[in-house]
Amino acid sequence: MSLLSPPMIYLIAAAVCGLLPARWRAALLLAVPAAGLVSVLSYAPGLHENVSVVGFDLVFVRMDDLARIFAIIFSIAAALAGLYAWHVRDKMQQVATLAYAGAAIGGVLAGDLITLFLWWEGTALASVFLIWARRTPGAMATGMRYLIIQVLSGVLLLAGLLLHFHDTGSIAFEHLGLVSTGTLLIFLAFGIKCAFPLMHNWLQDAYPAATVTGTVVLSAFTTKMAVYALARGYAGTEILIWIGAVMTLFPIFFAEIENDLRRVLAYSLNNQLGFMVVGVGIGTELSLNGTAAHAFCHILYKSLLFMSVGAVLYRTGTSKASELGGLWKSMPITAVCCLIGAASISAFPLFSGFVSKSLILSAASNEGHYLVWFALLIASAGVLSHSGIKIPYFTFFAEDSGKRPAEAPLHMRAAMIITAFLCVFIGVVPASLYSLLPYDVDYAAYTPAHILTQMQLLCFALLAFVFLMRSGLHPPEVRAVNVDADVVYRRWIPALLPALVAGVARIFSSGQSTATGIVARLYSGIERVSSPGAVLARGWSVGSMMFIVIIVMAFVLFANLF
Amino acid sequence: MAGNIPNKVIKPLAITCVVLFVLDFLIDRHPHVPGEGFPAFYAICGFLAFTLIVLGAKQLRRLIKQPEDWYAPHAVDAEVYPESGLEKLEVTEANKASSIGGRTP
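Chains as they are written, first to last, in this note's numbering: chain A, 297 to 858; chain B, 9 to 113.
Simulated from the structure, these hints should not be mistaken for laboratory data. Heads up, a few of these hints could be off.
Derived lysine-lysine pairs resembling DSSO-like cross-links, with alpha carbons at most 30 Å apart [said to hold, decoys possible]:
1) A/Lys699 - B/Lys73
2) B/Lys19 - A/Lys699
3) A/Lys699 - A/Lys625
Produce the complete structure using the sequences and hints provided.
Spelled out as structure tokens, the structure:
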């Protein structure tokens, strides 16, 4: 494989990064994504970097329109995160960031399932260091949970690809569909990384536990690599429409009452993935364009939101809504950037979410999925509630916390301003994004009807917020954790485990004593009948032996009659 | 915390909502989902969805709320973020100029 292929550039940089002085390492985090982007753009459509290993033809770079848009946005996200992390001197985080971004780009360029598996596990191994880099007992434990689940996803992918190879004799990563056990296992592997309902907890558990800059990096790659993999392998798989619809709805409620704003954003990320998964499930050109476009916009505005909350954490030491408020007075630039991120995710006209999310909603209504369309509409109002209002309002406005943190450092502000600019630019000039999409776009985002309906939805939702705040019905921000489905493996199973172990041990020991008792009785019985003078040790006369032989022979003769 | 949204924010919002409501009858929305053509469909959806989500979440909190250290020490919820990864800085008169200027001490 060429050393100048995008993933190799990152991996080589990650390998030498640790040997360089601190400033150089920070510069490397900016230079490598730029070089990687140039490399991505230099490939013509088709299969490149083919390597034959023990009879398998691996394809390290498969370039087409779907792979290209993901590789481009991953490169941009890596560069922006690199700028945001300019102050970081921690080698572990810098090496991990490079390796992680490289693995994710390798994943979306992989042309076969074995290559995909290698990068798939690569993202898991590299990214966990961004959580461990916090270096607290809680972060260590959280990282371990994260790693176990991520590696499990990789193991499922490996098992699935082996079965799939056994069935079809092919390792090509093309459309798979849910047609066999193998493809089902691969589907589940993708589902874990894509945070399907009940497979989602690793996301909300791990992302808030990473470092200030680590969370920004984490938010961009793993889940969107999974969205890409679903779009490649399972476009048009109907169950994805329903999975996606559930994903857009249930995280809203958890986000609404969560106190840690970085966990609110993690729930919100889950909800945004839902829109993309619906797009994959519908599987038309319009909906797949919507998924790609929404992933592109989402990576930018989600990074921006994580950056702004990260800047607040960096300056105040907390990202909890109950401890914050009124920060716009001393952090006005961060506040404005956060508001732009909030407007983008809420899909206000002139912001990026408006031109991407609507592709998916239009595809849903065009195909007659009215119930799903309605769910996405409700979810859009929900996005406004936690990401559009809660994040900026309870951080920068609301009740004054009395905190007067200084504005974010220059490089963080630069990263946020560039990201915010991109969010607005895409919103104002949607053609710039549409030209990158996998299929031709015949879609006008800015029609009077679309602007009116979206503004009605959002403004009346804002009105509801004012009403709820005024009437005191809006739940206050309180210090607490909210229990999600991960309670099963974080509390219940560990709590039941000692009793379970004791029960198994008891059954084992009673079984053992019963068995030894039986053996002992058998042994003493044998001993009894074979001791001197007992039945088996007695001398037998020839006459009685002959008698026994005759009986046996008569029995054999009798048996042979039938 | 309730009710501290200033009137200078509420007034423009209320006016915008009224204008949007009126425009609903002037602009053809080209509805093609059943029910979408109902007058002010999107306005009603926005208001009701938001209200029900917030009130629903409030009920959910009663079921699932636990103390912050419930998962401790295996979670970061009750931990303090390590100082080594932060650069806490308060704005005071002395450093106001430098912090706005972007330099950090």
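Each hint, compared with the structure:
1. A/Lys699 - B/Lys73: Holds, because 27 Å separates the two Cα atoms, which is no more than 30 Å.
2. B/Lys19 - A/Lys699: holds (28 Å)
3. A/Lys699 - A/Lys625: Holds. Lysine 699 of chain A to lysine 625 of chain A sits at ~10 Å (cutoff 30 Å).
Of the numbered hints listed earlier, not one is contradicted by the structure.
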